[in-house]
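Chains as they are written, first to last, in the working numbering: chain U, 853 to 1007; chain Z, 853 to 1007.
I should point out that these hints are in silico values taken from the structure, not numbers from a laboratory. Given the structure is predicted, the values throughout are model-derived calculations rather than measurements. Where a beta carbon is used, it is the ideal one built from N, C-alpha and C, also for glycine. Some hints here could point you the wrong way.
[Stated by the list, open to error] Now the stretches of chain Z that chain U is said to cover, found in silico as 3 or more residues with beta-carbon under 8 Å: (1) 968-981; (2) 986-999.
[Claimed, not checked] Partial chain U-side listing against chain Z, Cβ under 8 Å, derived: (3) M853; (4) C889; (5) S892; (6) Y919; (7) E967; (8) A984; (9) M998; (10) C1001; (11) L1003.
2 protein chains.
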Amino acid sequence: MKTLVDRIEQYIKQLLDMSLKGSIELKRNDLAAIFMCVPSQINYVLETRFTNQQGYYVETRRGAGGYIRVIRLSIEDDAELEKMLNLASNKKVSQQAGECLINRLTDEEFLTERENVLLKAFLDTSNMPIEAETADLFRSHLLKTMLLCLLRENI
Amino acid sequence: MKTLVDRIEQYIKQLLDMSLKGSIELKRNDLAAIFMCVPSQINYVLETRFTNQQGYYVETRRGAGGYIRVIRLSIEDDAELEKMLNLASNKKVSQQAGECLINRLTDEEFLTERENVLLKAFLDTSNMPIEAETADLFRSHLLKTMLLCLLRENI
DNA sequence: TATGTCAAGGTCAAAAAAGGTCAAAATATC
DNA sequence: GATATTTTGACCTTTTTTGACCTTGACATA
């Protein structure tokens, strides 16, 4: 059973897919009306499903004629991957951050669905008898290694 | 006279048999209502009857719209993989042993060439500032997780 | 130019809707 | 009778939904 957030998320992503520019403009109140919910629900969707980490950028404007613009950032070239590599080298990679990164790479078709499941399972250290510090280090190792493999292209 | 656990276990297994994907989604509260028991009884059933060793993998999500997903692993048709699962659970997995396992799985076409490269890179902890003990633990975690993923019927 | 109005969107915290944990009590089993 | 397994319930955490109240900006108008 899909939740409201899920449906709104899907709707926005569909709009993005259809748009040629990779960005769309919304009216918060209109969207809320379509889904028959309170306007702040839209903010919740944006905050939880369209973050920077997840590969989106959101611009808004208040007042009369206000809007919400959702921009999909794409990983066009290796430069973007290297940026991620930097992130992964930061020693501290929470499980959540790691999952975000993997989901994003999957969205952009750098990883297959199977690899996605596999990698996310690896990142999950919840049943490993180690300290948080070590877990973060471990994840950082995995992500870095994975990105290097991707960069070393065509395997 | 069957116990409550037994009946709930049977019910879930029936649902799994009927599902085409080898996985089902439950609502903990609904199930508890059906069997007129406390919700935590469902957890007990899952913990005691649907473990990895018994061939199941359970995913859950909390909060509104939460669910419990039970995934059946295809262990019966693959006694070989089950043996490996045991091996990987042995806490101590040297890098060499890990690579052997991965190569073997690749030979038998359970893993793609790409996954092979990726996984072997993960196993290499030589540039991680950790003790040998911890490294073995990591490898064991990776291998076990990998095997569980391979056994999942739904990916 | 300064000001008021109204149409957006923003914030934040409470309520609701799930699922999780843990230990005590009750039953079974040996 | 001792031990193992099952059942129950009180309390906790996570995620979503809702609503009351706040801020911003365009436009009209004095």
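Cross-check of the supplied hints:
Counting residues of the segment 968-981 of chain Z whose CB lies closer than 8 Å to any CB of chain U gives 8, which reaches the minimum of 3, so the coverage claim holds. Coverage of the segment 986-999 of chain Z by chain U holds in this model, with 7 residues showing a Cβ closer than 8 Å to a Cβ of that chain against a need of three. Hint status for M853(U) relative to chain Z: holds, with the closest Cβ pair at about 7 Å, below 8 Å. A hinted interface residue such as C889(U) counts as satisfied when its beta carbon comes closer than 8 Å to some beta carbon of chain Z; here the least separation is about 13 Å, so the hint is violated.
Hint status for S892(U) relative to chain Z: violated, with the closest Cβ pair at about 15 Å, above 8 Å. The closest approach between the C-beta of Y919(U) and any C-beta of chain Z is roughly 28 Å, which is over the 8 Å cut-off, so the hint fails. Interface restraint check for E967(U): the shortest CB-CB distance to chain Z comes to about 7 Å, inside 8 Å, so the restraint holds. Annotation: A984(U) was flagged as interfacial toward chain Z, and the flag is violated, the nearest CB pair being 14 Å apart, outside 8 Å.
Of the supplied interface hints, the one on M998(U) holds, with its beta-carbon coming within about 6 Å of a beta-carbon of chain Z, less than 8 Å. Interface restraint check: C1001(U) against chain Z, minimum CB-CB distance 5 Å, threshold 8 Å, status holds. The interface hint given for L1003(U) is broken, as the beta carbon of that residue sits about 12 Å from the closest beta carbon of chain Z, more than 8 Å.
In summary, the numbered hints that this structure violates are 4, 5, 6, 8, 11.
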